[in-house]
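Protein chains: 2
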Amino acid sequence: MAAPKKVGIGTVAFSNPPVILATATIVGAKEGEGPLANTFEKVVEDPYYGEESWEKAERRMLQEVLEKALAKANIKPQDVDYLLAGDLLNQIISANFVARALAIPYIGLYGACSTIYEGLALGAMLIDGGFAQYVLIGSSSHYSTAERQYRFPTEQGAQRPLTAQWTVTGAGAILLAASGAGPRVTHATIGRVIDLGSADPYNMGAAMAPAAANTIVSHLSDTQRRVEDYDLILTGDLGAYGTALLHKLMAEYGHDITRNHNDCGLLIFDRGKQDVHAGGSGCACAAVVTCGYLMQQFQQGKLKRALGVGTGALLSPLTTQQGESIPAVGHAVVLQA
Amino acid sequence: MAAPKKVGIGTVAFSNPPVILATATIVGAKEGEGPLANTFEKVVEDPYYGEESWEKAERRMLQEVLEKALAKANIKPQDVDYLLAGDLLNQIISANFVARALAIPYIGLYGACSTIYEGLALGAMLIDGGFAQYVLIGSSSHYSTAERQYRFPTEQGAQRPLTAQWTVTGAGAILLAASGAGPRVTHATIGRVIDLGSADPYNMGAAMAPAAANTIVSHLSDTQRRVEDYDLILTGDLGAYGTALLHKLMAEYGHDITRNHNDCGLLIFDRGKQDVHAGGSGCACAAVVTCGYLMQQFQQGKLKRALGVGTGALLSPLTTQQGESIPAVGHAVVLQA
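If you read the protein sequences in the order shown, they are chains A and B. Letter by letter, the first sequence follows residues 124 to 460 of this note's numbering. Letter by letter, the second sequence follows residues 124 to 460 of this note's numbering.
Worth flagging that the hints you see were computed from the coordinates, not collected in a lab. One thing to keep in mind: the hints can contain errors.
Identical copies look the same in the list; a pair holds intra-copy or inter-copy alike.
As the list claims (entries may be wrong) - Below, a list of computed lysine-lysine pairs in the DSSO-like style, where the Cα atoms sit at most 30 Å apart:
| hint | residue 1 | residue 2 |
| --- | --- | --- |
| 1 | Lys371 | Lys396 |
| 2 | Lys153 | Lys129 |
| 3 | Lys129 | Lys195 |
| 4 | Lys396 | Lys128 |
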């Protein structure tokens with residue numbers, strides 16, 4: 124029984140591919156002015172979202188999308204087997220406090236900006252393994268909470284280099300189920316942590332590109348598939364510089380992904396008009412583009428099979444201060460119409 | 124196939140209970156002077172462990188136990204399907220950087236001090252679900268890294284109230300396998316996040332006791348077992364005050380656990396002699412006591428069936444500053460000889 128599910132170390136093919144029953148998205152004002160505006164369900168103009176702090180605003184967004192995904196599928200919190208969630212804040216407080224409100228058995232994850240894909244891969248395993256009927260997955264980020272935690276006090280208005288990316292404000296949620304109608308998760312590839320020595324915290328794309336490449340190459344090798352087998356390969360938040368590096372690295376591995384690759388961090392903002400430097404980033408970047416844009420592409424029949432690759436930079440401000448380079452990870456799932 | 128594995132929301136009974144093939148432990152000087160000294164494999168006197176920072180010392184400890192657990196079972200990193208790890212430091216940097224060194228497909232977890240049990244529960248699901256043959260699980264903490272991140276600069280020498288607990292320095296690792304000899308993981312109960320309004324970050328035991336009680340009661344109800352069905356119910360790090368509260372709460376639920384309950388945080392230090400106030404805490408507390416003491420009890424035939432309950436307080440310094448109470452979680456697994 125075990126053997127056919129494993130197609131390589133880190134890669135599994137699901138026996139009964141779990142279904143994405145519903146997704147939900149919410150974003151901030153800047154994301155609502157971007158090219159994907161019409162793929163998001165709700166745009167919140169107030170960065171505080173009526174709360175007393177940015178952190179509480181982020182938390183409210185995460186709770187709202189999780190509840191909305193459940194409501195869309197007419198599933199109650201008490202029917203959900205597990206909540207898998209995480210975010211960028213220290214001690215993943217957005218996820219922890221939302222888990223308190225929902226009272227669903229909770230598995231806290233930390234995969235930095237790859238979290239929604241880490242959750243999707245793991246959730247699909249829990250369902251296909253027979254341990255769950257419904258798994259709820261969510262992730263969030265907020266420009267102002269991330270900025271003050273990872274970089275400078277926001278009041279300081281520090282300049283950022285052009286390789287820096289803009290943390291997406293928003294949250295995305297996915298309700299995964301053992302059966303029903305919707306795109307299916309057919310495979311998952313859990314990534315290894317890769318670090319080629321990039322140490323610039325203002326160029327996360329460069330740090331993450333090798334991890335994305337490693338995961339994609341492992342996935343193709345494990346599944347014996349080619350790049351052309353996917354209508355779209357969608358990475359999480361490599362941005363402009365990371366994307367260029369990924370294309371170059373993949374070419375070195377003998378794969379041309381330039382025709383069918385895109386990146387959530389490039390899709391979500393108009394870099395020419397929105398002053399986001401190298402593009403979007405943050406847990407919400409992959410989450411809202413996957414739960415919004417990607418799902419819409421499936422619903423409209425524009426995609427049949429996509430490889431989504433969440434990317435995460437696994438540093439902390441302290442590791443940078445202690446002179447470390449930046450480890451990164453990429454987790455991939457195959458979504459099929 | 125799916126149905127018999129689920130015995131309740133959050134609780135699963137494994138079809139082919141995964142085996143703890145090997146464990147490994149390492150602790151700091153204070154732990155090496157405590158009552159469990161002879162259950163630990165290595166005691167490190169130098170809090171820096173020859174490294175340049177406490178964080179790097181903690182990381183080195185985590186890497187060492189993971190490699191040791193593999194070596195004991197004669198398994199190579201490349202044969203391991205997944206590494207599940209996490210710790211208390213922001214962005215779980217101990218786990219992330221060790222994952223970089225081991226190059227095993229990596230699932231980062233955050234469950235605060237419950238992490239080793241979160242990993243054990245999840246690892247058992249991945250193996251029993253057919254997605255892995257070997258899963259490596261690890262967690263670590265360090266008094267000095269935790270103290271300066273969560274409380275005061277260590278140089279300040281701030282006084283702590285008697286309800287405070289002492290973060291254990293050390294790391295524990297578990298190699299879980301689909302087959303072999305060793306205690307088996309027969310059930311897992313993933314906890315809900317519980318918060319009864321306790322807001323004192325110097326009394327984590329009080330915040331976590333209700334979560335532990337909720338998980339134990341759910342577990343007993345889901346499995347239709349009684350307290351007496353376990354030779355030992357071992358909680359992670361409730362300490363003296365949390366343990367007293369747990370006993371009281373369990374009594375209110377109609378269960379007397381006073382005869383067969385113990386707590387890793389009470390076992391690891393001699394509170395009379397070691398000036399640790401309410402007992403031990405931290406990710407390493409449950410990890411080293413489970414991987415050391417508990418495994419030894421099984422090896423010596425003193426235990427046939429134990430319920431281990433990792434407990435985690437899911438706050439951050441920032442949530443306390445923003446006036447929040449403390450959400451907590453407990454994850455349980457059944458270990459059987």
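Here is what the structure says about each hint:
no.: 1; hint: Lys371 x Lys396; in the structure: within (27 Å within a copy, 61 Å between copies)
no.: 2; hint: Lys153 x Lys129; in the structure: neither (42 Å within a copy, 44 Å between copies)
no.: 3; hint: Lys129 x Lys195; in the structure: between (33 Å within a copy, 25 Å between copies)
no.: 4; hint: Lys396 x Lys128; in the structure: neither (46 Å within a copy, 53 Å between copies)
In the structure shown, a violation is registered for the earlier hints numbered 2 and 4, in ascending order.
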